[in-house]
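Top line first, the protein sequences correspond to chains P and R.
Residues 1 to 231 in this note's numbering are what the first sequence lists, from first letter to last.
Residues 232 to 413 in this note's numbering are what the second sequence lists, from first letter to last.
By construction, these hints were calculated from the structure, which means they are not laboratory data.
A couple of the hints might just be wrong.
To be verified - One side only, chain R facing chain P, incomplete, derived with CB under 8 angstroms: (1) 245; (2) 249; (3) 285; (4) 324; (5) 328; (6) 404.
Every value quoted in this text rests on a predicted model; they were computed, and no experiment measured them.
Glycine is no exception: its CB is placed at the ideal position from the N, C-alpha and C atoms.
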Amino acid sequence: MAFEVKLETFDGPLHVLLELIQGEELPITEVSLGSVTQKYLEYMNTHDVPPEELADFLVVATKLLLLKSQAILPIEAEPEEDPSTLALQLRLYKEFVDASRTLEERFDSTNWSFERATPDVVRLEIGEVVTNLCAEDLREAFSGLLKRLEPFFKLQTAALERVVSVGERLQEIHEAILSRTKMTFRQIASSGKSKVDVVISFLALLELVKQRVVHVVQSGVFDEIEIKRVD
Amino acid sequence: MLTTTIEAVLFAAAKPIKLSDLRKHLDLSEEVVREAIDDITRRFNTEGSGIHLMEQNGAVQFVSNASVGEDVAKFLRVEASGPLTRPSLETLTIIVYRGPITKPEIEMIRGVNCSLILRNLLIRGFILEEQDKERLQPVYRVSHEFLQAIGVNRLDVLPDYEAFRTNEKIAELLSREPESDV
């Protein structure tokens, strides 16, 4: 999610303000805050502030505008909203930013300490130990195992049995219908060896219908399906 | 003898162990545990020792001496974790110097919403989140993993640590917190 990455790297409103003031080499006072109001608003216009942070940016913007207007119009500040908080906030914020430099240096250096890796201990449950076994027991156990495996092998041979593909069957039916003009599904299915064969024949027939090569008619349930060539 | 037991437990456990747990399991008073930990710290946390005792969040853990971190990392084939973005670095700094601290307090200092950054720092294991029963909201502090990453055994060795913790201006700013929460 692109916006998240962006949000994490986007400087907060105080950081923007701090850079503006330091760029102008101004001390952090109410007066200098008011004087960078224009630049701050420009920053907001030229940068894509993430929507999640927009409100926080606007709060700072309003405080700046209030400071600036107070500098121009000597009206007493409303007691409930003291804009000098912003200067204090920014001064304290700067102290943390300065402290973060030391932390960054430490983080980037290779002075790491490591905790002791906990070994992956695997506790083996010691099961019942069988004694006095004879050769015959082992033989029985092994043939028992083979018996249990039998269904698995059967399944494999079944899966490997050759089955005519839908494509091949489609070709066969197509050729047959070309020479006969009319035939029934029973005729096709009777050549099938297994259920799968019948299913494949039926799928092939459906495909031919879809391709409009043949036309099928069935007068009632379980009645003969008549296949005709579409000319 | 007691110090020996605690030392042995800390070595065998490898993970950070809470002092309160040591007290409970060994049936000791707080002062005795403190004395033993201080004794171990004095003996181990020297330049020449390969093993140091790390203490953070009321828990102690034996770790390797950070001054030889590079060689240990090479041997263990550990690579540096990805760099920190400036916003996460700022947030971590605030938590380092003022933790345990709540999200609104962090946001008061940074002047911006920090939910996402906190979540990412939690995922990276650099900070821990705990419910504060008095403040009825989560508080954040840095983890042993983060101390390992910056190679310090305790936070109070960081420059100006006490000055930040006792700063009245910060306390004053944080006390205005409800106003920003409208």
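A quick look at each hint next to the structure:
1. 245: 4 angstroms, holds
2. 249: 15 angstroms, violated
3. 285: Given a least distance of 7 angstroms, the restraint on residue 285(R) holds.
4. 324: 4 angstroms, holds
5. 328: Where the cut-off is 8 angstroms and the nearest Cβ of chain P is about 6 angstroms from residue 328(R), the hint holds.
6. 404: 6 angstroms, holds
When each numbered hint is compared with the structure, a violation occurs for hint 2 only.
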